[in-house]
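**Q** Numbering (my numbering), first residue to last: 2 to 296.
Hints in this document: simulated from the structure, not taken from any laboratory.
We put the CB at the ideal spot given by N, CA and C, even for glycine.
Where hints are given, some of them may not hold.
[Stated by the list, open to error] For each label pair, taking beta carbons as the anchor points, the in silico distance ranges come out as:
(1) Gly-184 with Met-2: 37 to 45 Å
(2) Glu-279 with Arg-178: 33 to 41 Å
(3) Ser-70 with Leu-97: 38 to 46 Å
(4) Asn-135 with Ala-159: 21 to 29 Å
(5) Tyr-106 with Ala-57: 42 to 50 Å
(6) Val-78 with Asp-203: 17 to 25 Å
(7) Val-78 with Thr-176: 18 to 26 Å
(8) Arg-25 with Glu-279: 39 to 47 Å
(9) Ser-70 with Trp-250: 37 to 45 Å
(10) Glu-275 with Gly-67: 48 to 56 Å
(11) Gly-67 with Ile-212: 33 to 41 Å
(12) Met-2 with Ser-180: 29 to 37 Å
(13) Ser-180 with Ser-70: 33 to 41 Å
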Amino acid sequence: MRLTLAARSPFSLPAVVRSHGWARLAPFDTDAPSDGLTYVVCLDSDRVSEMLIREAPGGVSVEVDGHLSKAEHEEVVHKVEWMLGLGQDLSSFYALARQEPKLAYVEERAQGRILRSPTLFEDTVKTILTTNANWAGTIRMVEALVSQFGAPLPSDPARHAFAAPGRLAATDEETLRSSARVGYRAPYVLGLARCVASGAFDLEVLKIADIPTAELRERLLAIKGVGEYAAANLLMLLGRYDFVPVDSWALKLVSHEWYGGESVGRGEVEGAFERWGEWQGLAYWFWDWSYAGES
DNA sequence: GGTAGACCTGGACGC
DNA sequence: GCGTCCAGGTCTACC
């Protein structure tokens, strides 16, 4: 079954896929034909399918195995729209970016959208697994969680959907440590999964919560394992760009860009982008760091 | 409110 | 092959 979804212009699927490393984390896979993106999804009906997403005139096309019921069809549409930010309006950011040489290309390249998972639960777990770990470690931990706790894809049982909260909640800390090798993060992942699975914490409602960014941030910081960096990263995924996710890489970039390689702290990074107000996270994310990268 | 140390893993390095 | 060191954010205890 094939669906076609419209995107607010400007839009570029490769730009979304390359927006950060999420496309390299299971159950995403960029090894798809025609610069496409695949994702193994588990729908509310428990149907596990592979979605093949490709750029199409005015938006994207989505191919899913077999025939979808009306509810499944609507769910796929809703999920893909969220994952790719198809309806996001970044015109205010582009208007500011046109005046900054280091961001002058973003509109032309249709940059600004950041690839996200269908659920905030999945993005929160993945974000926790990026903390205190190098990128290879994050890829390994996510792959382990998906392969060991995710529902298998019927047409290719070697591939799996992301681990559902209930499935993770049913395991224990020691299993997470030994089989997924997530280390001290095990109680964080387990605690979150159990809260979400039990209904004690409705994480997904935060995607549409009409509350100030500062309050949203406080709710994210209340999750064990989510600190300032992780909260800022999740806010970016939620379309709130008032905070810069300051990690060790951000410190290096800002150090090289404005401080001649001298060591800098969180304050310098935040100060460098403060003037961008509600768009500072995006300004940092898509800044042309080529100078720092080459040095 | 600020700070030090622990947490866990994998990679780099020296022997 | 083995041991040691280090990088990577967050939490907790302590001041």
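**Q** Does each hint hold? Answer for all of them.
**A** Here is what the structure says about each hint:
no. : hint                             : verdict
1   : Gly-184 with Met-2: 37 to 45 Å   : holds, 41 Å
2   : Glu-279 with Arg-178: 33 to 41 Å : holds, 40 Å
3   : Ser-70 with Leu-97: 38 to 46 Å   : holds, 44 Å
4   : Asn-135 with Ala-159: 21 to 29 Å : holds, 26 Å
5   : Tyr-106 with Ala-57: 42 to 50 Å  : violated, 24 Å
6   : Val-78 with Asp-203: 17 to 25 Å  : holds, 22 Å
7   : Val-78 with Thr-176: 18 to 26 Å  : violated, 36 Å
8   : Arg-25 with Glu-279: 39 to 47 Å  : violated, 29 Å
9   : Ser-70 with Trp-250: 37 to 45 Å  : holds, 44 Å
10  : Glu-275 with Gly-67: 48 to 56 Å  : holds, 51 Å
11  : Gly-67 with Ile-212: 33 to 41 Å  : holds, 39 Å
12  : Met-2 with Ser-180: 29 to 37 Å   : holds, 35 Å
13  : Ser-180 with Ser-70: 33 to 41 Å  : holds, 34 Å
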